[in-house]
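So the sequences go chain by chain: A and B.
Sequential numbering of the first sequence, starting at 1, is according to the numbering used here.
Sequential numbering of the second sequence, starting at 536, is according to the numbering used here.
Hints listed in this document are in silico derivations from the structure and should not be mistaken for laboratory results.
Wrong hints could be hidden among the right ones.
Unchecked claim - Have a look at the derived ranges for each label pair, beta carbon to beta carbon:
| # | chain 1 | residue 1 | chain 2 | residue 2 | range |
| --- | --- | --- | --- | --- | --- |
| 1 | A | ASP235 | B | PHE560 | 53 to 61 Å |
| 2 | A | SER88 | B | ILE697 | 47 to 55 Å |
| 3 | B | PHE689 | A | LEU385 | 18 to 26 Å |
| 4 | A | ARG57 | B | ARG676 | 44 to 52 Å |
| 5 | A | GLY416 | B | VAL794 | 53 to 61 Å |
| 6 | B | ARG721 | A | ARG57 | 26 to 34 Å |
| 7 | A | ALA283 | B | PHE689 | 21 to 29 Å |
| 8 | B | LEU693 | A | GLU369 | 49 to 57 Å |
What the hints assert, rightly or not - Derived list of chain B stretches under chain A, where covered just means 3 residues or more per stretch with a C-beta under 8 Å from a C-beta of chain A:
| # | segment |
| --- | --- |
| 9 | 573-582 |
| 10 | 692-706 |
| 11 | 831-845 |
From the three backbone atoms N, C-alpha and C, an ideal C-beta is built for every residue, glycine too.
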Amino acid sequence: MKTSRRQFLQMSGGVIGASMLPFLKSVPANAAGNDVLVAVIGQTINSLDLHRTGTNRASYQVAINCYDRLVSFGTREVEGGGLAYDYSALEPELAESWEVSEDGLTITFKLKSDATFWDGSKVTAEDVKWSFDRSVSVGGFPTVQMKAGGLVRPDQFEAIDEETFVIKLDQPSKLTIPDLAVPIPFVINSRVALANATEDDPWAMEYLHQNPAGSGAYKVARWAPGEQLVYERNDAWVGGPLPAYKRVVLREVPSPSTRRALIERGDVQLSFDIPDKDASELASKVDVFSTPIDNCMHCLCPNSNFEPFQDPDVRKALAYAVPYEAIFKTAAYSQGLPLWGGDAQIDDIAWPRKSPYYTDLDKAREHLEKSAFAKGFEVPLSISLDLASWMEPTALLIQENLNSLGIKTEIEKIPGANWRTAALVEKRLPLHLENFGGWLNTPDYYFFWAYQHGHLFNSSNYMNQEIEDLVSATLHMPMDDPDYAPKIKRMFEIAFEDLPRIPLWQPSLNVAANGVTDYEFWFHRQLDIRPLKPA
Amino acid sequence: MVTAITSRQCRAVLGRLAQTVPVLFGVVVISFLLTRALPGDPAAYFAGAAADADSIEQVRESLGLDKPLPQQFLIYLGDLARGDLGQSISTGQPVASDLASRLPASLELTLMALLLSCCLSIPLGVMAAMRPGSAIDHLCRVVVTAGVSLPTFFTGILLIYIFYYLLGIAPSPLGRLDFIYLEPDRITGFYLIDAAIARDWETWTGALKQLILPAITLALFTLAPIARMTRAAMLTALSSDFIRTARAAGLTERKVLFVYAFRNALLPVVTTLGMVFSFTLGANVLVEKVFAWPGIGSYAVEALVVSDYAAVQGFVLAMAVLFVLLNLCIDLLYTAIDPRIGFDAQ
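Here chain A stands alone, though its shape is the one from the complex (with noise of 0.2 Å):
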């Protein structure tokens, strides 16, 4: 996005005074006043639109934070300190009430009557339809995702008026309006984004890559990449309640030791997604919040095309050889929750939970031996060297306590860019560690991508026909559904009897703040700097 200086100043204009603060030479950072905030993240930023091919994770918060969808989720207090988004509790963002038929299968949204894009022009339902049409049409993550809502076709979308939109599905499912609370389904001023389609081009994927046209709380002001982020502040906004900060600089600092040296001196307010060790060590000299993901854990998962794996009591054998309480110290500086150590007797559904299996190496040999591999065998342990920084102190601690029981691990470090094709696509690695977490947060979603055959995270080749069917049952399911606990505790126990994953922990998301308050952890891990306020 580019943009002249002038202009840039006459882009805060209006509110001069406060606002041009930054910008005025001289002004230490730390004093750059109140309605001025500077956070740090580690990755960059390469499109301000999420549905294109390509746009990494850390491109996300564009959606969320220049954007609306229709409904959001509402806060919760977390245990332990914190805020975070509540599963339970919907909101309308712009929408202003839903409707949901009898039979489940039309939902009627009506529209904030109120609602502006960034240029003036009314949100209309035709903008809404465009928008999910674009989901569903473009390929890649976004369809995918939407497909988890049971969103597929343009033609189950609706615009009845100008402020009436409808979604017609194939099968009622608890999963469809809580899919409309995630990134991928935002709404785009469609007379913009089509003013500057081509017929190469019909989703203006180039436009919008660059510059976004949306009606959420914030503007992109200035986009570098590689370098920073600059927010503006839409006063206009009625998604929700009008952001305390009236710019957001958003900077890309590579280092971690260099974004540590930052927030100490406050001369940032915050650093998004800071290392385990630094959370652990900074926690008494600025505010650290340290939220466990929902739905995520970091796992060890054995693949049953390798031959030793497909006998359970070798699995066992592995379960109770995981020197669990060492690896939660060493690799995650205990942050985050154990996983390990729980009740045999399953008595609720909340996921991740403890496995009832626990460090005792006399059990695992007990296993070892009763298998057909009691001497032992070669295995390589695989770990990917984007996620190095908890894999391999893992895989090594692993290591140590597999050879002990005569089973040699040689540790196998995968780079990137190969890690998703070898390990999630093609399924190849015979012993490895994972990390699936599920956006949408019920157990159910977290079977279907992980534990159900062929799916992407089933990276264990796992097949058990009962959990097929128990996870295809439950998927659409109300949770209030009679039949939906049992269910899923008995997917819990065949889970942990079968083991194609050896929960080790539940990682935790760090956010280092010095001089700010109000952060809210959110399930898709990335920073929502509209709910931020100066300490």
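Given the coordinates of chain A, work out where chain B should sit on it, guided by the hints.
Here is chain B on its own, set in the frame of chain A:
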């Protein structure tokens, strides 16, 4: 006479440039083949977190990677001929514009570092050579050994720790400009030059302040080869016959040292400088990471990690062109330093 030499030189330069065409073509072929030989699958990578086989195929198609290799190469050549380096998938920008914004950042940093480094290492090398075995010689040895043996990321973090974190003298290590400044209007891409053209001295100072720590970090690392080469070349020159003759003829020590010895010692130093420059430009990745410097090194490494073909190829090509130009400059410098060296002989 003078004009005759210039036109001959002109022709020689053009000849040299023509010779580089096959070299560059070779670079294009090799970089194309090497990126394809990388064991990554960009389609799977860029399809995102929850992509299935279908969406990976869609991505592969949209990236043009489903076509056979020779066809991909022809398309690439056609694009190159039109001056189009392709689109980087990881940054989402055309490779040409990425390079145009990142190369000046790296060049500015590298040139600044080399300037600092030369200001320190050449006098140090000369003095060490004048009195071998003296205290200054030992000092020279200690400084260069320390400089080269400390890894750049370590020096960088140490400098940040002392001058920014503890003392608070240095500005926030936030890249080329602190966020309170706006970058100067783009003319050359060098902030110092652009800010000077715009007569915006506050931005100029701001940019200079950001440059100091990373430039010192890099300079420390490049001290060693330059200082050692200066010392060695000066020692050789000082012990040669023509210096003895000059001294015997009663020329002043100053004249002997600077006109006769130093000028002759410069040739190997300039050669070293050229090499140091090219490896520093590519190798300052770690400094770029530590100081959040949006340079070309970190760009190339990130592109390589995610198998971003167009970006890697663009980087290799840009570096090849730069290297060719650099060698040309050094050859021209040779003839200026030592008139005995004819350009044609090169």
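Structure-based check of all given hints:
Checked against the hint of 53 to 61 Å, the pair ASP235/A and PHE560/B passes, with Cβ atoms roughly 56 Å apart. For the hinted restraint 47 to 55 Å between SER88/A and ILE697/B, the CB-CB distance of approximately 50 Å keeps it satisfied. Checked against the hint of 18 to 26 Å, the C-beta distance between PHE689/B and LEU385/A comes to roughly 21 Å, which is consistent with it. Taking the beta carbon of each, ARG57/A and ARG676/B are about 49 Å apart, inside 44 to 52 Å as hinted.
At roughly 57 Å, the beta carbons of GLY416/A and VAL794/B sit within the given window of 53 to 61 Å. For ARG721/B and ARG57/A, the Cβ-Cβ distance of about 30 Å falls inside the hinted range of 26 to 34 Å, so the restraint holds. Here the CB-CB span from ALA283/A to PHE689/B is close to 26 Å, well matched to the stated 21 to 29 Å. Taking 49 to 57 Å as the suggested C-beta distance range, the pair LEU693/B and GLU369/A conforms, at roughly 53 Å.
Coverage of the segment 573-582 of chain B by chain A holds in this model, with 9 residues showing a Cβ closer than 8 Å to a Cβ of that chain against a need of three. Remark: the segment 692-706 of chain B is confirmed as covered by chain A, as 6 of its residues place a Cβ nearer than 8 Å to a Cβ of that chain, reaching the required three. For the segment 831-845 of chain B, the assignment as covered by chain A holds, since 6 residues bring a beta-carbon within under 8 Å of that chain's beta-carbons and 3 suffice.
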